[in-house]
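*Asks:* Take a look at the letters that make up each chain.
Protein chains: 2
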Amino acid sequence: MHRFFVTRDSIHDGFIVLSGRNTEHFRVLRIRQGETVEVSDGEGTDYICIAGELIGREVRLNIVEKRASEREPSVICTVYAAFPKGDKAETIVQKSVELGANAIVFFPSRRCVSRLNGAAAVKKRDRWQIIAEEAAKQSGRGIIPRVDVLNKFDLAVEKAAGAELPLFLYEGETSTSIKKPLFERGESVKTVSIMTGSEGGFEPHEAQKAKDAGMLSVSIGKRILRCETAPLAALSAVMLCTNNF
Amino acid sequence: MHRFFVTRDSIHDGFIVLSGRNTEHFRVLRIRQGETVEVSDGEGTDYICIAGELIGREVRLNIVEKRASEREPSVICTVYAAFPKGDKAETIVQKSVELGANAIVFFPSRRCVSRLNGAAAVKKRDRWQIIAEEAAKQSGRGIIPRVDVLNKFDLAVEKAAGAELPLFLYEGETSTSIKKPLFERGESVKTVSIMTGSEGGFEPHEAQKAKDAGMLSVSIGKRILRCETAPLAALSAVMLCTNNF
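Each protein sequence line maps, in turn, to chains A and B.
Every position in the first sequence, counted from 1, becomes a number in this note's numbering once 39 is added.
Every position in the second sequence, counted from 1, becomes a number in this note's numbering once 39 is added.
Just chain A, with the same shape it has in the complex:
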């Protein structure tokens, strides 16, 4: 079933009005009058609707059922990823949304080749936010995870450390596997953060900063994972251990 996200002001008594990019999307999908579609308010409520006619730039959908979204995970997990090169950020955003991340945050680290500042950062963030929305539609999410860009490593650590279970994925970590905290505390934690490096990983002083801020340094196996693979592997582990798989 095709799925749309709308803002609250589009939801009326008994019907929903699609406009803007949603209308374009509706047109591209060649949805016919009478077809059933799903609409989410992006805040956890789903509406099952019957498509009406496309008139000009708007489509009216008649609500036949309203229900709480069943697809949101019970854990609030944020992915903090150091800026990668090329289009890897898009992969991280798309797959993290599918796998149930609540938000994705990009930040700079010492070994990042890419830098993101000013107008370029705003433009990229906007593009990543659209990717997040498309992935949320496709995977049936009840919210559109937010994509953010931070301009300081320290700020990212500070925010990530605020989660109940703040995981810092570090290649130099040889004693603690991500399995330990997840098996011990996975069933009870409500908020998790996953912080991963760029192509070259983290510098030792960055790992120290994360530990000093209260983050848990963990390893994710002996294979060297690409920077876009590590957050997805960790997110899968988190979803498994918090009963969201």
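Careful, some of the hints might be misleading.
Put simply, identical chains are the same to the list, so a pair is met inside one copy or across any two.
[Said to hold, decoys possible] Here are the simulated SDA-like cross-link-like pairs (lysine to any residue), alpha carbons at most 25 Å apart as the crow flies: (1) K250 / E212; (2) K176 / R150; (3) K176 / E74; (4) K127 / R166; (5) K124 / R265; (6) K261 / E223; (7) K176 / N282; (8) K261 / G81; (9) K261 / I183; (10) K162 / T46; (11) K261 / P220; (12) K124 / E173; (13) K198 / V228; (14) K176 / E212.
FYI, nobody ran anything at the bench for these hints, they're computed from the structure.
For chain A, the structure is supplied; the task is to place chain B on it using the hints.
*Replies:* What follows is chain B alone, placed relative to chain A:
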């Protein structure tokens, strides 16, 4: 450290000879004489070598240390993926190798849009095998996982069912999460198979065939995962629960 895979006949007493594509790669990487490189025999043994001069189409590397590869997972896990559209097969191969799969097998299923037969299948398989080799080098694997193409769904089920823990990822499965068998038996299993569908998932009669063959039908969460994401999420879960993360 740069890593190469060679066949046994390239390994001599005290030195290794790189040739063919390995020499090309050596040249592209601009490796200098005296630099340390790692060579794997693809069967679990690593050689630490000092690079010699590139002469014509060959490079001689002097062995300084021989040791068992430390990066191979203890579990033998094979990924069986239904033919996806476009370049998603490449993503599945690359990421599965990084995450520790022992082999990747593509097969047809009812809802596959793509078909792979005859010469096209051979050509694609060869290309995927090269991707597997590159990923094995990059991630530091001790073997090059093999990529295979089967032309029958039934044959794929028969082979997959041969593993100690044969997991069939099915969207229609609502009662058993992948967590259950992995938490119960993950620590002791030696061989696992993961079977995943194409864009449209599996047909109910295919799921029935898999169950009849002894496979375990499992779900992997309420979000709808793309066909290239599901095997990687499942593989991450397997590696976590078998102590390979």
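*Asks:* Take the hints in turn and mark each one as holding or not.
*Replies:* We went through each hint and held it up to the structure:
1. With identical chains, the CA atoms of K250 and E212 are at most 25 Å apart within one copy only, with a shortest distance of 11 Å there and 41 Å across copies.
2. For the homomeric pair K176 and R150, the shortest alpha-carbon distance between copies (21 Å) is at most 25 Å, but the shortest distance inside one copy (34 Å) is not.
3. When the C-alpha separation of K176 and E74 is checked against a cutoff of 25 Å, the pair qualifies only within one copy, where the shortest distance is 17 Å, while the shortest distance between copies is 50 Å.
4. Proximity of K127 to R166 under the C-alpha cut-off of 25 Å is found in both arrangements, the shortest distances being 13 Å within a copy and 22 Å between copies.
5. When the C-alpha separation of K124 and R265 is checked against a cutoff of 25 Å, the pair qualifies both within a copy, at 11 Å, and between copies, at 23 Å.
6. In the homo-oligomer, the alpha carbons of K261 and E223 lie at most 25 Å apart both inside one protomer (21 Å) and across protomers (24 Å), since each shortest distance falls under that limit.
7. In the homo-oligomer, the alpha carbons of K176 and N282 lie at most 25 Å apart inside one protomer (22 Å), although the nearest pairing across protomers, at 34 Å, exceeds that limit.
8. Taking identical chains as interchangeable, the C-alpha atoms of K261 and G81 lie at most 25 Å apart only when they sit on different chains, with a minimum of 17 Å there against 39 Å within one chain.
9. For the homomeric pair K261 and I183, the shortest alpha-carbon distance between copies (16 Å) is at most 25 Å, but the shortest distance inside one copy (34 Å) is not.
10. For the homomeric pair K162 and T46, the shortest alpha-carbon distance inside one copy (22 Å) is at most 25 Å, but the shortest distance between copies (48 Å) is not.
11. In this assembly of identical chains, K261 and P220 lie within 25 Å of each other by CA distance both inside one copy and across copies; the values are 18 Å within and 24 Å between.
12. In this assembly of identical chains, the alpha carbons of K124 and E173 lie at most 25 Å apart whether taken from the same copy (22 Å) or from different copies (19 Å).
13. With identical chains, the CA atoms of K198 and V228 are at most 25 Å apart within one copy only, with a shortest distance of 17 Å there and 39 Å across copies.
14. Taking identical chains as interchangeable, the C-alpha atoms of K176 and E212 lie at most 25 Å apart only when they sit on different chains, with a minimum of 21 Å there against 37 Å within one chain.
Checked against the numbered hints above, the structure breaks none of them.
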